[in-house]
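Mind docking chain H on chain R? Use the hints.
Sequences listed follow chains R and H, in order. Counting along the first sequence from 1, when you hit position 697 you're at 706 in the working numbering, and nothing is skipped either side. Counting along the second sequence from 1, when you hit position 717 you're at 726 in the working numbering, and nothing is skipped either side.
Hints in this document: simulated from the structure, not taken from any laboratory. Virtual Cβ for every residue (Gly too), placed ideally from N, Cα, C.
Residues on chain H that point at chain R, a partial pick, calculated with CB under 8 Å:
no.	residue
1	THR226
2	TYR252
3	PRO266
Protein chains: 2
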Amino acid sequence: MKIKNLLFIPICLTLQMINAQEHTSYVNPFVGTKNMGHTFPGATTPFGMVQLSPETNQEPYAIDGKYNPETYRYCSGYQYEDQTIFGFSHTHFSGVGHSDLGDFLVMPTVGKLNLEPGKANQPKSGFHSQFSKKTEKASPGYYEVMLDDYGIKAELTATERVGFHKYTFPKSSDSRIILDLMSNIYNYDAKNVWTFVRVEDDQTLVGYRETTGWARTRKVFFAMKFSKPFKSYGRKRYEKVDYNGFYRKFNENENFPEFAGRQIRAYFDFDTVENESILIKFALSSTSTAGAMKNLEAEIPGWDFTQIKKEASAKWEKELSKIEVETQNENDKKTFYTAMYHTMMSPVLYQDVDGKYLDIDQNIHEAKDFTNYTIFSLWDTYRALHPLYNIIQPKRNNDFIKSMLSHSQYSVHKALPIWSHYANENWCMIGYHAVSVLADAVAKNTTDADLNKMLQASITSSNLKYYDGIEDFLKYGYVPEDKSSSSVSKTLEYAYDDWCIAQIAKKSGDLNKEAEYLKRSENYKNVYNSKSGFMHPKLSDGTFKKEFDPMDTHGQGFIEGNAFNYGLYVPQNVPEMIKMMGGKNKFSKHLDEIFTTEIADKYIENNEDITRDGIIGNYVHGNEPGHHIPYLYNYTNDAWKTQERVRDIMQKMYSSEVDGLCGNDDAGQMSAWYIFSALGFYPVLPGSDEYQFGSPLVKAAKINLENGKTLNIKTENQSDQNVYVSKILVNGKEVKNHILKHADIANGGEIIFTMSSKH
Amino acid sequence: MKIKNLLFIPICLTLQMINAQEHTSYVNPFVGTKNMGHTFPGATTPFGMVQLSPETNQEPYAIDGKYNPETYRYCSGYQYEDQTIFGFSHTHFSGVGHSDLGDFLVMPTVGKLNLEPGKANQPKSGFHSQFSKKTEKASPGYYEVMLDDYGIKAELTATERVGFHKYTFPKSSDSRIILDLMSNIYNYDAKNVWTFVRVEDDQTLVGYRETTGWARTRKVFFAMKFSKPFKSYGRKRYEKVDYNGFYRKFNENENFPEFAGRQIRAYFDFDTVENESILIKFALSSTSTAGAMKNLEAEIPGWDFTQIKKEASAKWEKELSKIEVETQNENDKKTFYTAMYHTMMSPVLYQDVDGKYLDIDQNIHEAKDFTNYTIFSLWDTYRALHPLYNIIQPKRNNDFIKSMLSHSQYSVHKALPIWSHYANENWCMIGYHAVSVLADAVAKNTTDADLNKMLQASITSSNLKYYDGIEDFLKYGYVPEDKSSSSVSKTLEYAYDDWCIAQIAKKSGDLNKEAEYLKRSENYKNVYNSKSGFMHPKLSDGTFKKEFDPMDTHGQGFIEGNAFNYGLYVPQNVPEMIKMMGGKNKFSKHLDEIFTTEIADKYIENNEDITRDGIIGNYVHGNEPGHHIPYLYNYTNDAWKTQERVRDIMQKMYSSEVDGLCGNDDAGQMSAWYIFSALGFYPVLPGSDEYQFGSPLVKAAKINLENGKTLNIKTENQSDQNVYVSKILVNGKEVKNHILKHADIANGGEIIFTMSSKH
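Pulled out of the complex, with its shape left as it was, chain R reads as follows (with noise of 0.2 Å):
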């Protein structure tokens, strides 16, 4: 669009709706939805429950009763190199390690009946279409695809609450939408529980479906609207059926509108004219069909695709635009808004647009003053993600705190989410790492929540007896090996969030709290064994496991990591580690060894969320526990190895490709760790208001803060070479200490890096 064309446009559209593209067409959707990124392409708002995506697969979680890692390649239900749709589905996680939803399935379809989904490469085995890549496009909100099978163009967009289908068939007598209520991702038909569904008119369908699988009891509700009347459908119910009861007394198969069983599909016929185009609103709600039906109804009164594809363009503009980078070459650019877009896939809206929502109690609540959210994968996200919400989606956070803490008002545990998805805990992972999420929003004044309340929470949180080896770890000092797996990463990680905890009852003024938490925080040191030099799995008897391979990530005392990464985890007291494990330069030398030392392929294998794309040295960034890592030298007499290591990795561990993440996104925190590190700055210690200071990769952002504010960032003689950092003026002021403090950015600010070949 040239600027001449603006004379033509209304006023108050001119400059914003330039820019209103600018940032959105950096995005690129499939970026690592090649290999195990687990991203998905659909169409989604930002932290919205819809998530609208294609199915490429539908394989089963076990074969044989024996776990089938095929499955794991499928976290978000998509391959970017299959070119097989199943369908369209409603529910995702972006970049998970595990999995669970894809729930209602819809797929149109020309031609006869055919219920059975098929098999994958297997054309026509079923009702999936083959597709070519090059119809396939995706941006902010919208996907699109030829399905070739069918001759039908498929469009999706979406608001928060409602998915948006609009389907382009041929002219056909036997048009036709599946609506599949067995399709999952994981597990696929053995998930199910129940189904409930009722054709409420030619139009209009309502139902539910409940599913046991990682999220143990989960329920979905859904109104269906079809923009013309289909003129017959129908259902199959695949379970055997015990009893039927005095239902025989219909033909339940076809146009009887009250279905209900574990293993349903149903389809819906029309007649289309060459080039018909049939929408289907698709809304959800966790709590009622009626629920549902008024999400549909408030959120896409009309039938306007376009409409609803520009506004969920412009949804995710305005929170891309939050952050206004200039960088070296458009790549750059790319993978930092592709990265962005990824930090906004969750945790997901939780709530009907009346504001009642499903608690893990499975009651219904309503959330009076707050939003309330689902999935928290918090070993994950505490780490970076939150932090950079704290930054960017303050308020935001605050109900993210606030849902997590109805989630512990409401657990029979009392407790915070662990890792928790659709009103239910799956526990996975370590930690009770909600807690510092808390404690970052009350070191940075973020919240508004109860300072009590989280405090509660978060005591309670920690003295949970019966979960992964606390009630030792408050016994012993540490997770005795021999009683609990993992036992290492417990410790370090409990005496962290015993850190955090501590933090929240100094602020809350509880002294006596605080002073009981930062004992415990120090816990990590009674799992270091001066004479391995490592963190060590240690025995209920104090004696430290005798076989013992640091560099291996199976069985020694450490989850998804070895001692050589994972045990460096102390963010609380860096300083004291480095001290503990031989001072500054031998420190040093440990994470020099870390970054050059091959790891053998025997140390990773079997190591599902390991992936050698994600590897440098035994560095593994495609994981977790090791994200702080490259940041660690800033506390030894090295900051320019911090420096040099971080746009290291930000070259080789990103880009703009489909293949541009180099393990799963882990619900955002890979892509947070990067906008974090492209901006220069780190949060090594959630929970604390500092940050570490890295090397920039942009050449300046402007970062429009929530209270209108605006942090500047800006760099002079960026360039590929000029990796290290000369000189750090914040607000005017030279930093030396490599420390960001938050509040000297909360009200915006400037930072100003002078950049060098040489350090």
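Frame of chain R; chain H shown alone:
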């Protein structure tokens, strides 16, 4: 209690309290528990949701895929002659011909943990207990038994929404309460869809259970509170668990406060001293665990078992005293009040204390201007039970109507219930008889429900094309036997129902609809075969079925009846039917033949609802379609035979013994027939404002109407021999046409029967 003792009782408890024992003491809850009455002896309140009663067997609905006829004996979970108790569950049907429910089986035990229920009549084969019949006592609102295997005395009482258990233990450090969440009536564990439980603290748990069975999608929520803390607890999950996610971190079997799965039994351990009682409050809800907890706290805030038992008894006394009868002997009085009792076991209350309830759309609604009820066995109960309510429970019947209207409002079919329970339609039996209940209340001015809503819901119900041959009924004017089985029964019942709709249309001033439905009500004529002289199955080509045996109850166009009996179902125009069938004398002889021709076994075998106990000749009193037949003599010149027959039926088919019901009580219809007949009149045509006089069994009755007025029924010369009525005075005027008008009793009045030994 002697009068002089009254001096020591506070004034407010005086005379009323004496009477308070009077009517309840005539109720024997065991009546109908032997053979096929399908009643249960447990504790409940009038129309209460909680019906807490022992389960004496756990017969599976099917064995090796084949229906197990033995389950039919256990429709209410109990058979009088059993001496094994598996526990006490909270929901039951009273006297139904199919079954479901049996939620939340609670069983106290002592000794080694055993979570297997075991086999009936195999002592010590499971957690069940033997019991001696002589320790078993029941009265309205109360049940007790000694569980001999454990030396535990079990006592049960209830409020509307809360079961109250009292278990008195021996001294033991191994006392235990088992909560079997798998147990069901009918289908046993195959029905369970999902179960969710939370142990909130060491005295409290909440949860819910979803089942599929007669009700396809049924949820019941509960809250359970113990009077003292349990020392430990656990659960066992019985289904194969394909996937346990990260729950594998926990020992979920013991002291883990959350469990979910398909098949679960739980237990709670206690130390008890000799004769220590552990009490349990167990609340139900249709909406949520929060609703169940609210119900629990509202209805039984304390732990006073005696008080709640007293209140339950008082609630019964209040309802039973609505009819005060004087009988010729004590047994008749027992039979009468036990019948009264059985007319108030359903419909049951189906809303939380705050008015919230689940309706058939599976959404939660709030009852604002009515109280919501469930369990509508309408093919049975429209005949005499709802008409009885219009005399002694008009307010509640108005709530029943509004509950049915709510059902129709939220039904996807927009139809009134057929046979509905627990927010489900099970479609059992034929007709759309809710319209009769509506019409009866309209005719008797006992409802303030919106007339147009009633008419619209009735019309929709009668035009539901996919339901049971209605499309053909509309097309052919009858249901053709080659298109739909039980075609004559359906035709006759639809025609009657349509007459009811005409009455509603008339009252609402819609004369077109009145005419349309009056016309439809004449469709009974289309299945009369003047050659065979019977209502006769007709084919779609207009010819009558060739092979036809009017005595047979199998495949002759009737359901649970034969042409002899069921063929006389034209209550809306008996005179015209008689004319059609050859006139009064011929018709009278046909009636004689019914009562005098013994039906051969082959004609009724494999018909669970027709048992020898309930048969006189080939008149089947144990089932409903003939209930009006004894009163049909009134329309001939032999009304005395009505008088003779009804007295005979009352004596032969009812008693105050445990086998005192000659067939399923059918949700109170059998008992309602008795109440009416004992009072001397019967609603042959529900939906009209008329009753037919019979011959009263009582000597006198005082009916205390809700409007404060009194209807007095008196007899002169009453005796077992004087079964004939020589004169009837209604409010002082002699009635000669055998007709009693509702208007003459609605505001109280007096009926005086002069009895005679001669007709």
